[in-house]
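Engineer: Next come the chains, spelled out residue by residue.
2 protein chains.
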Amino acid sequence: MCELFAMSANVPTDACFSFKGLMQRGGKTGPHKDGWGIGFYCAKRAQMFHDDRPCYDSSIAQLIANQPIKSEVVIGHIRQANSGAINLQNTHPFLRELWGRDWVCAHNGQLKNQPVCDQGYYQRVGSTDSEKAFVSILNHIRNEFPKKPKYMPPVWRRMHQLCMALNHFGVFNLVISNSTELMAFCSTKLFYLTRRAPFGVAELIDDDVTINFQAHTTEQDIVTVVATQPLTNNEHWVEMQAGQMIVLKKGQVVKQFYPEHAHNGSL
Amino acid sequence: MCELFAMSANVPTDACFSFKGLMQRGGKTGPHKDGWGIGFYCAKRAQMFHDDRPCYDSSIAQLIANQPIKSEVVIGHIRQANSGAINLQNTHPFLRELWGRDWVCAHNGQLKNQPVCDQGYYQRVGSTDSEKAFVSILNHIRNEFPKKPKYMPPVWRRMHQLCMALNHFGVFNLVISNSTELMAFCSTKLFYLTRRAPFGVAELIDDDVTINFQAHTTEQDIVTVVATQPLTNNEHWVEMQAGQMIVLKKGQVVKQFYPEHAHNGSL
Chain A
77 MCELFAMSAN
87 VPTDACFSFK
97 GLMQRGGKTG
107 PHKDGWGIGF
117 YCAKRAQMFH
127 DDRPCYDSSI
137 AQLIANQPIK
147 SEVVIGHIRQ
157 ANSGAINLQN
167 THPFLRELWG
177 RDWVCAHNGQ
187 LKNQPVCDQG
197 YYQRVGSTDS
207 EKAFVSILNH
217 IRNEFPKKPK
227 YMPPVWRRMH
237 QLCMALNHFG
247 VFNLVISNST
257 ELMAFCSTKL
267 FYLTRRAPFG
277 VAELIDDDVT
287 INFQAHTTEQ
297 DIVTVVATQP
307 LTNNEHWVEM
317 QAGQMIVLKK
327 GQVVKQFYPE
337 HAHNGSL
Chain B
77 MCELFAMSAN
87 VPTDACFSFK
97 GLMQRGGKTG
107 PHKDGWGIGF
117 YCAKRAQMFH
127 DDRPCYDSSI
137 AQLIANQPIK
147 SEVVIGHIRQ
157 ANSGAINLQN
167 THPFLRELWG
177 RDWVCAHNGQ
187 LKNQPVCDQG
197 YYQRVGSTDS
207 EKAFVSILNH
217 IRNEFPKKPK
227 YMPPVWRRMH
237 QLCMALNHFG
247 VFNLVISNST
257 ELMAFCSTKL
267 FYLTRRAPFG
277 VAELIDDDVT
287 INFQAHTTEQ
297 DIVTVVATQP
307 LTNNEHWVEM
317 QAGQMIVLKK
327 GQVVKQFYPE
337 HAHNGSL
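Those protein sequence lines, which keep their order, are chains A and B.
Residue 205 in the working numbering is what sits at position 129 of the first sequence, and the numbering runs on without skipping anything.
Residue 184 in the working numbering is what sits at position 108 of the second sequence, and the numbering runs on without skipping anything.
There may be inaccurate statements among the hints.
As the list claims (entries may be wrong) - With a Cα cut of at most 30 Å, we get these calculated DSS-like pairs of lysine-lysine:
{"#": "1", "chain 1": "B", "residue 1": "K188", "chain 2": "A", "residue 2": "K223"}
{"#": "2", "chain 1": "B", "residue 1": "K331", "chain 2": "B", "residue 2": "K223"}
{"#": "3", "chain 1": "A", "residue 1": "K120", "chain 2": "B", "residue 2": "K223"}
{"#": "4", "chain 1": "B", "residue 1": "K223", "chain 2": "A", "residue 2": "K223"}
{"#": "5", "chain 1": "A", "residue 1": "K104", "chain 2": "A", "residue 2": "K224"}
{"#": "6", "chain 1": "A", "residue 1": "K224", "chain 2": "B", "residue 2": "K224"}
{"#": "7", "chain 1": "B", "residue 1": "K109", "chain 2": "A", "residue 2": "K120"}
{"#": "8", "chain 1": "A", "residue 1": "K224", "chain 2": "B", "residue 2": "K223"}
{"#": "9", "chain 1": "B", "residue 1": "K146", "chain 2": "B", "residue 2": "K226"}
{"#": "10", "chain 1": "A", "residue 1": "K223", "chain 2": "B", "residue 2": "K224"}
{"#": "11", "chain 1": "B", "residue 1": "K120", "chain 2": "A", "residue 2": "K223"}
{"#": "12", "chain 1": "B", "residue 1": "K226", "chain 2": "B", "residue 2": "K331"}
{"#": "13", "chain 1": "A", "residue 1": "K188", "chain 2": "A", "residue 2": "K104"}
{"#": "14", "chain 1": "B", "residue 1": "K146", "chain 2": "B", "residue 2": "K223"}
{"#": "15", "chain 1": "A", "residue 1": "K223", "chain 2": "A", "residue 2": "K120"}
{"#": "16", "chain 1": "A", "residue 1": "K224", "chain 2": "A", "residue 2": "K146"}
{"#": "17", "chain 1": "A", "residue 1": "K223", "chain 2": "A", "residue 2": "K104"}
{"#": "18", "chain 1": "B", "residue 1": "K188", "chain 2": "B", "residue 2": "K104"}
{"#": "19", "chain 1": "B", "residue 1": "K224", "chain 2": "A", "residue 2": "K120"}
{"#": "20", "chain 1": "B", "residue 1": "K120", "chain 2": "A", "residue 2": "K188"}
{"#": "21", "chain 1": "B", "residue 1": "K188", "chain 2": "A", "residue 2": "K224"}
{"#": "22", "chain 1": "B", "residue 1": "K224", "chain 2": "B", "residue 2": "K120"}
{"#": "23", "chain 1": "A", "residue 1": "K188", "chain 2": "A", "residue 2": "K146"}
{"#": "24", "chain 1": "A", "residue 1": "K224", "chain 2": "B", "residue 2": "K120"}
Keep in mind the hints are simulated off the structure, nothing from the lab.
Input sequences plus hints: build the corresponding full structure.
Structural biologist: So this is what it looks like as structure tokens:
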């Protein structure tokens, strides 16, 4: 299995604090030593970093933990390989362009015999079930929404249907973004936490690091963080339900979908 | 204008020595201070690094210069902006997936009024003429070769025609790869150099660094480096002709095209 991380914010925000905790799980406090990756959106483009080394002793990870890269949407992943060899080809997050913007996606879990075609517009480059699911989702979205609609909820609803359908073939926790919206689908395990004023002090579970967010924020800042497991031990993380998808925009949950919303879903 | 860099090798090779020279031109010995980027292929996937800071004092660049990343194909770019604002969206190299493999491209020059459509399958994410040309090339290739042909020379020939056609609209020096082949098209300025046994000592022009390749290679190694300007001062760099395209595979020039080969070319 793997660990997912994602962030949505209403102002460019660095993810150094959370990343410092996450990276410890990449081979030190957690077993996820088979590479890692992270993408920081700059407008419609994602600045990607991938490494097949364990995150906790990766010099690229050290650099990211200590050099604030400010972004409104971030997606990260630390890998414990199950499907696909340990190499850069199979390192999440994956990236494709659709509608003139980068889509970035990371998956936690394992799918078996997913009946979806990866011979559409998008094909996978590596050999993971995760990238196969990602290109399948994008092939469906592209076919059904050749241009970006002005009104996005039908896209979100379709994303939820597709996640529900893929979820039948295994464990399918997912974070995916099109640069403005971040979607997080819970199959078995996913938490989120929204930070807003009044900001307080947070304490990492995996490293001896605390931060006083009040010193780094303004009253207007809103940031939501998504993770496979809570990253801090003194904040209220919300545990998502199986089949639940949240849509985040500018740091806030703007829409939620539950299993009953997907009754017409198909792949 | 900008500076291009590319490498093709028959064994995974690090580009640290060349990159150390190139990065000095990113704001120190050269004026190309508007960001930089580099992609290292690992099989069909490219590991990308982008930064909008000047290369010569970028901590990401420092890391790459000092941490050998071994690859058979590398494409790099340091930017002096002319078309498109200075930001990560407009930072080369650009990347798209076609045929289940990453294509990576960097451009030096400027195109005006290129009549090509960027509303096809691929769209640009940023606002550069360079990315517009890249997605146009890929749209043409994808339309004409929906699947990767086993016999690739017709694709190379078409690439040359497309480069010749785009060259009518400005300066169009280009390096582009599909992971196995690296193509370099010269519009106005591009050099290349093939290193093979017996290896000697090379000396950077832009930094006080020398290397004895003999200590880092075997008799069988072959590496070709492409650059806007020679990076070393004691080796024989070959200056390309206007309209010439070389195709590199496993470190060697396997095919060359000249302007007269493109008489039937069109966009």
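Engineer: Holds or violated: K224/A with K146/A, Cα cutoff 30 Å?
Structural biologist: Holds, at about 26 Å.
Engineer: Going straight from one Cα to the other, do K226/B and K331/B come out at no more than 30 Å?
Structural biologist: Status holds; Cα separation ~16 Å.
Engineer: Take the C-alpha atoms of K188/B and K223/A, compute the straight-line distance between them, and say whether it is at most 30 Å.
Structural biologist: holds, 27 Å
Engineer: Could you grab the alpha-carbon distance between K331/B and K223/B and see if it respects the 30 Å cut-off?
Structural biologist: holds, 22 Å
Engineer: Below or equal to 30 Å on CA atoms is what counts here, so check K223/A against K224/B.
Structural biologist: holds, 26 Å
Engineer: Decide if the proposed pair is consistent with the structure: K188/A and K104/A, CA atoms, cutoff 30 Å inclusive.
Structural biologist: holds, 29 Å
Engineer: Within a Cα-Cα threshold of 30 Å, do K224/A and K223/B meet the stated pairing?
Structural biologist: holds, 26 Å
Engineer: Given the hinted pair K224/B and K120/A, is their Cα-Cα distance within 30 Å?
Structural biologist: Distance ~29 Å between K224/B and K120/A Cα, so the pair holds.
Engineer: Hinted pair, alpha-carbon criterion (30 Å max): K188/A, K146/A. Please report holds or violated.
Structural biologist: Roughly 37 Å separates the two Cα atoms, so the pair is violated.
Engineer: Holds or violated: are the alpha carbons of K188/B and K104/B at most 30 Å from each other?
Structural biologist: holds, 29 Å
Engineer: Holds or violated: K146/B and K226/B, Cα atoms, limit 30 Å.
Structural biologist: Since the Cα atoms of K146/B and K226/B sit roughly 27 Å apart, the hinted pair holds (cutoff 30 Å).
Engineer: Taking only the CA atoms, is the gap from K120/A to K223/B under or equal to 30 Å?
Structural biologist: holds, 28 Å
Consistency with the previously given hints fails for numbers 5, 17 and 23, ordered from lowest to highest.
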